[in-house]
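Trainee: Make a model of the complete structure from these sequences and hints.
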Amino acid sequence: MNTNGRGRLTRGCWRGGRGGLILWCFLSVLPSAVGAAPHSDATQECLACHVDATPGIVSDWQRSRHAETTPADALQAAPLHRKVSSEEIPQSLQGTSVGCAECHTLNPQDHKDTVEHNGYSMHVVVTPRDCRTCHRQEADQYGENIMAHAYGNLVNNSLYVQLTESINGIQVLESGRLKTAEVHPQTNDDACLSCHGTRVEVQGTVSRETDLGEMDFPVLTGWPNVGVGRLNPDGSKGSCSSCHARHAFSIEVARKPDTCSQCHKGPDVPAYKVYQVSKHGNIYASQKDKWNFRNVPWVVGKDFNAPTCAACHVSLLVDEGGNVVAQRTHRMNDRLPWRIFGLIYSHAHPKNPDTSSIRNAQGLALPTNLDGSPVKEALIDGEEQERRRANLHAVCLGCHSTSWVEGHWDRFQKTLEETNRMTRTATEIMGRAWERGIARGPGSDGNPFDEPMEKLWVEQWLFFANSIRFSSAMMGSDYGVFDNGRWYQSKGLREMMRRLEMGRPGARDDEKP
Amino acid sequence: MNTNGRGRLTRGCWRGGRGGLILWCFLSVLPSAVGAAPHSDATQECLACHVDATPGIVSDWQRSRHAETTPADALQAAPLHRKVSSEEIPQSLQGTSVGCAECHTLNPQDHKDTVEHNGYSMHVVVTPRDCRTCHRQEADQYGENIMAHAYGNLVNNSLYVQLTESINGIQVLESGRLKTAEVHPQTNDDACLSCHGTRVEVQGTVSRETDLGEMDFPVLTGWPNVGVGRLNPDGSKGSCSSCHARHAFSIEVARKPDTCSQCHKGPDVPAYKVYQVSKHGNIYASQKDKWNFRNVPWVVGKDFNAPTCAACHVSLLVDEGGNVVAQRTHRMNDRLPWRIFGLIYSHAHPKNPDTSSIRNAQGLALPTNLDGSPVKEALIDGEEQERRRANLHAVCLGCHSTSWVEGHWDRFQKTLEETNRMTRTATEIMGRAWERGIARGPGSDGNPFDEPMEKLWVEQWLFFANSIRFSSAMMGSDYGVFDNGRWYQSKGLREMMRRLEMGRPGARDDEKP
Amino acid sequence: MNTNGRGRLTRGCWRGGRGGLILWCFLSVLPSAVGAAPHSDATQECLACHVDATPGIVSDWQRSRHAETTPADALQAAPLHRKVSSEEIPQSLQGTSVGCAECHTLNPQDHKDTVEHNGYSMHVVVTPRDCRTCHRQEADQYGENIMAHAYGNLVNNSLYVQLTESINGIQVLESGRLKTAEVHPQTNDDACLSCHGTRVEVQGTVSRETDLGEMDFPVLTGWPNVGVGRLNPDGSKGSCSSCHARHAFSIEVARKPDTCSQCHKGPDVPAYKVYQVSKHGNIYASQKDKWNFRNVPWVVGKDFNAPTCAACHVSLLVDEGGNVVAQRTHRMNDRLPWRIFGLIYSHAHPKNPDTSSIRNAQGLALPTNLDGSPVKEALIDGEEQERRRANLHAVCLGCHSTSWVEGHWDRFQKTLEETNRMTRTATEIMGRAWERGIARGPGSDGNPFDEPMEKLWVEQWLFFANSIRFSSAMMGSDYGVFDNGRWYQSKGLREMMRRLEMGRPGARDDEKP
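Residue numbers (UniProt numbering), protein chains in the order written: chain A, 1 to 513; chain B, 1 to 513; chain C, 1 to 513.
Careful, some of the hints might be misleading.
[Claimed, not checked] Output of the computed footprint for chain A on chain B, the stretches with three or more beta carbons under 8 Å from beta carbons of chain A:
| no. | segment |
| --- | --- |
| 1 | 298-312 |
| 2 | 319-325 |
[Stated by the list, open to error] Once the Cα atoms are required to be at most 27 Å apart in a straight line, the calculated DSSO-like pairs of lysine-lysine come out as:
| no. | chain 1 | residue 1 | chain 2 | residue 2 |
| --- | --- | --- | --- | --- |
| 3 | A | Lys83 | A | Lys302 |
| 4 | C | Lys290 | B | Lys83 |
| 5 | C | Lys288 | B | Lys279 |
| 6 | C | Lys290 | B | Lys290 |
| 7 | B | Lys83 | C | Lys279 |
| 8 | B | Lys414 | B | Lys279 |
| 9 | A | Lys83 | B | Lys290 |
| 10 | C | Lys414 | C | Lys351 |
| 11 | C | Lys376 | C | Lys351 |
| 12 | A | Lys288 | C | Lys290 |
| 13 | C | Lys83 | A | Lys288 |
| 14 | A | Lys290 | A | Lys83 |
| 15 | B | Lys302 | B | Lys288 |
Note that these hints are calculated values from the structure, not bench results. Positions of the beta carbon are idealized from the N, C-alpha and C atoms, including for glycine.
Mentor: And the structure:
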């Protein structure tokens, strides 16, 4: 078996028949085009069978940069062009491509999902800690990202747990009343945790008949999942393949907004939908086929002429002269002064990416008080906001004049203020409904999110205010007006008022001041 | 006129003036590139005028495989590469391209829409029966498909007719009450039958002034339409151009999910929307421009590295070694054990694609009973479900491990169970509302779908439960949570309960167990 | 400095340090590929700094036709191929590319936003009047377009102003009642005027520190904005870059439907969403990468094989023989007999693009009366409608037969009739609610759009009827049925009826005729 030559793999497993054992395997490694890197012996063994067993991911990987280069080569690149950030990549990994074995046998002792697999200690779930071997800075930054904590920030926040229960819990009619059952773990995995990330734990081992005979595999809870805050069997958080999808691990895929759409498209966070109808998104849709999504660093104007999500929030950008416009960051909030996702009001970003221990004046696990004021001690201060604003504006200024950027930003901040004011009115109405016993909220022992009136209130801050803010941030027009925007915000508020007044006999459909 | 040479047509009709008669036509047939096939005399006659009359479809066809090859050549391909499935294509058709005349003059005696057209017996509506001349297997499979029966499955089901009446019927205010008028046939054609397919019938003949003088054309009801279950003037069902659109008849178009979006995007069946935000859809959007959508068979990993609708449900797939991953089928349910489109519950697929004669225990034309239990005798059994599941999973396993696929499937089936349970609660509330006279349903002589409370009930199973299931099937995240998912399911249920309780004086906005 | 050679600019500004002054600039102009045009001295001066200051727009422009050609060359093109329509382009502009200075220093005396900028009288906001220097016909036609008047048609219509107030006004709870505050100007700019266009006025001058030292810039209200009816500081209306986006001014971008999506996607005007699921949109999505979006004239079938928005409504189309299928028009309604956007009913297009002075029989600024009849004197007559229908159908007939087009048109007009009838019923219910004091409308001094019942009524004609009509116009299937279509239209009507009846004690949830 040719194990070390630069070449491309072609399949060569022979089977003894349908479903039977493989008699023997061989590898034919052809001399190949520029870009091919030598694969390790171990990876070649993996490929020999998996080219048949899972041809899709083998092909995906074969086209990846991981298959085409070695860490040693990657380290040769000039700093701005470099894609690996670790200085001390183990010598044993430097000389071969980054193949199956390189990732799936890293840190075996940390991985509770490690099993013996054809003589190798192989684990199923490759994690940010594994990727960190070469991409230290990205993994570390990502870990300080609010996204990396998306599991705990939801599951360890008793208030948000009430919200998930009210949404995901099966409701049955008992004695004429609706009773909400406890949420089944698979249902949470299928719903909120699909994006937030599941807890992947080893429950035991299962033996399966394969083409190579009987083999053991770990039994995992919460699997499959590629959520951004996934709890992994090695104790790490997140999944790099949330954005660098599957076995291509492509920077191109991560830079395209379609990737972000997986979790950022719903009425609660319509970033992708707003982007699509923004001028940026229009230009992306019209001209992206002429852009270069692989270049590192990414050259403003030359490689692309309208930003994607990554351009504004993540990527290392330079101008044609090589001057840095924005430093790469995987701590996405580095360029975000405001958190426009209302909880329940828009607010300055939290200092700590783990937000589950924040408590507001009412004792609720929220970064804002019910009157709209921020929980200051938990949030970044004005100086840090200013630093982040400047980071973001540097990107804007790559294509827009100062007066354009400032005019846009002023208007956007006005919208944050006004949507917060509307949320406050909705919250005041909700408070009165709780007082009058029209619904049972935090004051009594009720779930504050499950009754009809409460659901109207939740939509005010979770859907409509957010939609208006995202629309304002990206000039997405209609998402700020008719499509889950101000139209629904004003309609919902009036409907809340109507229901509040329906408690009083003789109240009209609506009353005016 | 050069009638038989391999060449490309260029236009050559001379007109006598605006709207006047053509004095004479000629064809200039240039020697052309590889791939051109000889066109029949008849087709060349068609082209001579239609290159002017309808330039768009002529160009469309000229770029099609139909224009580039002959059935005789197509039959030479090795079995896995073959695109025609009939063994006995008439000799008279084998030697020329598949042009205008070849399709529009086939089976003239069967076509009630046949008219005399410049000396030819031409029909307007080309049907699956015509296409079956070369594509027998696909036409036969499609005929056994539930989609081919989409017209009758709607129009011959008295319950569903009530639904269409409640949606499409014009409502007028008479003596202070809303009266629903009978639905105008054109309105049904414009609405439900746009996807389900219309009944295309010949009503007579109309004479029109053309560049060639006065000519006769059939007058057709339900025309135009490309719905999947269209009733054709030759007695056949469906339209191949629903998916192989217009005159390119392209496998590329049919393999792209955009095609399916025409009918599978709405809140009742949000397959395309879910796909877009799924990892599969993200990768498709990001990388499709590097894929090969024309290759037959379709090579997993090499031609594409994430599935489209067709890859999972229709296409012949092989791995790079030529091993068949999935056989081509135009009976799409061959790979579908469950029907996740609730009627009103998710259920095993019906045995017979004509579902209009199914009756449940309540006598309603539904495949499930109102308590959620299936109408077993009408539906496939567990063994058949298992066979179809294996067909589908073979595709999944092209890229995913067994534990990934099984974990996903378990979770998905849990979601089917839970969404059915929520539909059952909604149906119990609806039942009580009918009992109490809050609405008039199947027990009285009322339309069970037209009153406000009933509309809330319909949305529970037709929109929200379906959305959650499609989201679960493809990991579409938000369509299972906020975007028509569990949020709206729980909200709608509580609103139904609130309205049920509003019948009792003094009831609070909502009551808790 | 090489100022006149045909070449490509490369950056050459040297800075004295971070944020410091530029010491000196130079330009390196390389001999370059075909297509480069000489840049004027003034433009080269602009570029020398802006290649650093705003690299994105410089690159954008460098790839544009404006950078690659000169007006003199553009005038050489044969009439059908010509992209400039002015006969008398000033000689001083003819010999160089259309660069920064050519546009930003035109007509300085008309521009209130003109400032002294490095020795030039430069204005920020380039307007249709500026573009008209070379594109006279397009600018003139656009000015007669209803879109060019989108600002005034909204802001000068007292009824529509009430609608915007009810949507955009902040509502606060005072003494137990909702009070709506006056709308903040920035909020209108962020909402409705984002598409309609803002009023851009000079408020003064601001001095900013730049790399070239302190410089003055105009302070503008309503900036940034690219709305279609923007009021510009030179007194003109609109913005060519609404569609010919940013500094590429690309015909390709304008011809792609993504551009139109910015304003034509919401529930009030879902043109883009309907297009996406139409057969036209399916084919566009599947095959657009093989199309030629730059060719002028645009050849039906050869350059594209399904229409985009521009193909049907704007572009100059020819067949492969060069016969004109449709003349270019920037007065988009030239091909539109009906206005399907209901105000509040669908109606014949208004004669005058400024619609703010129209009054109906009730004295409301609407083109239709509340009973659905049109305000005839303000609308085009049947003869003009017929002319426009023929213009539009000429495009359809490029690919479809007469019976297809007529069948489609008949069905579409039936849908206009039926949606208008449903709007009439909704308006009758609303009228009764106003009579009974359930809401306060035009009869009292109430805002007719702000109360819960009124919001249901608005959705009937502004969302659902429009969605059904757009769906019918483009065979968009589901937008006529479940997705904001007939389902919601019938549901909303029943809910209005229910609320009307809730005024009467003992009324059931709904009552039947």
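Trainee: Next pair to validate is Lys288 of chain C with Lys279 of chain B; report whether the Cα-Cα distance is within 27 Å.
Mentor: 23 Å, holds
Trainee: With the threshold set at 27 Å, check whether the alpha-carbon distance from Lys376 of chain C to Lys351 of chain C stays at or below it.
Mentor: 10 Å, holds
Trainee: For the pair supplied as a hint, Lys290 of chain A and Lys83 of chain A, confirm whether the alpha-carbon distance does not exceed 27 Å.
Mentor: Judged against 27 Å, a Cα distance of about 23 Å means the pair holds.
Trainee: Next pair to validate is Lys83 of chain B with Lys279 of chain C; report whether the Cα-Cα distance is within 27 Å.
Mentor: 24 Å, holds
Trainee: With the threshold set at 27 Å, check whether the alpha-carbon distance from Lys414 of chain C to Lys351 of chain C stays at or below it.
Mentor: Given pair Lys414 of chain C, Lys351 of chain C holds - Cα atoms ~23 Å apart, limit 27 Å.
Trainee: Checking C-beta pairs, does the segment 298-312 of chain B have three or more residues closer than 8 Å to chain A?
Mentor: holds (count 5)
Trainee: Just to be careful, I want the Cα atoms of Lys302 of chain B and Lys288 of chain B compared with a cutoff of 27 Å; is the pair within it?
Mentor: 12 Å, holds
Trainee: Are the Cα atoms of Lys83 of chain A and Lys290 of chain B separated by 27 Å or less?
Mentor: 23 Å, holds
Trainee: Sort out whether Lys83 of chain B lies within 27 Å of Lys290 of chain C, counting only the CA atoms.
Mentor: 23 Å, holds
Trainee: For the pair we were handed, Lys83 of chain C and Lys288 of chain A, check the Cα-Cα distance against 27 Å.
Mentor: Holds, at about 24 Å.
Trainee: Given as covered by chain A, does the segment 319-325 of chain B meet the bar of three residues or more with CB within less than 8 Å?
Mentor: holds (count 5)
Trainee: Are the Cα positions of Lys83 of chain A and Lys302 of chain A separated by 27 Å at most?
Mentor: 20 Å, holds
When the structure is compared with the earlier hints, no violation turns up for any of them.
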